[in-house]
Amino acid sequence: MALPLGRIRLRARGSDAGHNGIKDIIRTVHTVDFPRLRIGIGGPGMSGSVDHVLGRFSDEEQPAVKASIERAADAVECLLTDGINIAMNRYNTDPQTDPPA
Numbered sequence: 001m002a003l004p005l006g007r008i009r010l011r012a013r014g015s016d017a018g019h020n021g022i023k024d025i026i027r028t029v030h031t032v033d034f035p036r037l038r039i040g041i042g043g044p045g046m047s048g049s050v051d052h053v054l055g056r057f058s059d060e061e062q063p064a065v066k067a068s069i070e071r072a073a074d075a076v077e078c079l080l081t082d083g084i085n086i087a088m089n090r091y092n093t094d095p096q097t098d099p100p101a
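Just so you know, the working numbering puts 19 at position 19 of the sequence shown, and the rest follows in order with no gaps.
A few of these clues could be false.
Unchecked claim - The list that follows gives simulated cross-link-like pairs (lysine to aspartate or glutamate, EDC-like), each with its CA atoms no further than 20 Å apart: (1) Lys-66 x Glu-77; (2) Lys-66 x Asp-94; (3) Lys-66 x Asp-82.
Claimed, not checked - Computed Cβ-Cβ distance ranges for the label pairs, DEER-style: (4) Arg-56 x Phe-34: 28 to 34 Å; (5) Arg-56 x Thr-31: 33 to 39 Å; (6) Asn-92 x Gly-18: 19 to 25 Å; (7) Arg-11 x Gly-42: 17 to 23 Å; (8) Val-76 x Val-32: 16 to 22 Å; (9) Gly-14 x Asp-94: 26 to 32 Å; (10) His-30 x Leu-3: 26 to 32 Å; (11) Gly-42 x Ala-73: 18 to 24 Å; (12) Val-32 x Thr-81: 23 to 29 Å; (13) Asp-33 x Glu-60: 36 to 42 Å; (14) Ile-39 x Thr-81: 17 to 23 Å; (15) Asp-94 x Gly-21: 34 to 40 Å; (16) Ile-86 x Val-32: 20 to 26 Å.
To be clear, the hints were calculated from the coordinates, so they are not data collected in a lab. Idealized CB from N, CA, C, for every residue including glycine.
Using the sequences and the accompanying hints, generate a full structural model.
As structure tokens, this is what we get:
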């Protein structure tokens, strides 16, 4: 929810940021030193956090969701082939104003 709808963010390491799944991974592997990819779903507006996170995307949001999933897949491929730093520099940008090179 901290990222606008359609935005992705790669990080080389970091905290759980309140995400229970990431908390469990950190607890299991005993480190925060693993890359993570976040995909923005935008803020909840009036619906409330739980309903927003667990709800469906609207028809108007679908193109941004599809594009962000494709961009996320490209970012992971870049991470695996070129490394985390290049992937972060290429994909931690606004897809509307800064398309990847």
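Check your understanding: Has the given pair, Lys-66 with Glu-77, been kept, meaning a C-alpha gap of at most 20 Å?
Key -> Satisfied, since the Cα-Cα distance of roughly 17 Å is no more than 20 Å.
Point to revise | Satisfaction of the hinted span 28 to 34 Å by the C-beta atoms belonging to Arg-56 and Phe-34 | key: Hint holds: Cβ distance 30 Å, inside 28 to 34 Å.
Review point. Holds or violated: Lys-66 with Asp-82, Cα cutoff 20 Å?
Key: Roughly 24 Å between the alpha carbons, so the hint for Lys-66 and Asp-82 is violated.
Check your understanding: Are Val-76 and Val-32 spaced within 16 to 22 Å by their CB atoms?
Key -> holds (19 Å)
Point to revise | Distance restraint hint 17 to 23 Å, applied to the beta-carbon atoms of Arg-11 and Gly-42 | key: holds (19 Å)
Check your understanding: Quick one, are Lys-66 and Asp-94 close enough, alpha carbons at most 20 Å?
Key -> holds (15 Å)
Review point. Okay, Asn-92 versus Gly-18 on CB: inside 19 to 25 Å?
Key: Taking Cβ atoms as reference, Asn-92 and Gly-18 lie about 20 Å apart, which means the hint holds.
Point to revise | Thr-81 and Val-32 - C-beta distance against the hinted 23 to 29 Å | key: holds (24 Å)
Exercise for review: Could you tell me whether the CB distance from Gly-42 to Ala-73 stays inside 18 to 24 Å?
Suggested key: Since the Cβ atoms of Gly-42 and Ala-73 sit about 20 Å apart, the hinted range of 18 to 24 Å holds.
Check your understanding: So does Asp-94 sit 34 to 40 Å from Gly-21, Cβ to Cβ?
Key -> Violated - the Cβ-Cβ distance for Asp-94 and Gly-21, about 26 Å, lies outside 34 to 40 Å.
Review point. Regarding Gly-14 and Asp-94, is the given constraint of 26 to 32 Å on their beta-carbon distance met?
Key: violated (20 Å)
Check your understanding: Should the hint that Asp-33 and Glu-60 are 36 to 42 Å apart at their CB atoms be regarded as holding?
Key -> Distance hint for Asp-33, Glu-60 holds at roughly 39 Å.
Of the numbered hints given earlier, the model fails hints 3, 9, 15; all others are met.
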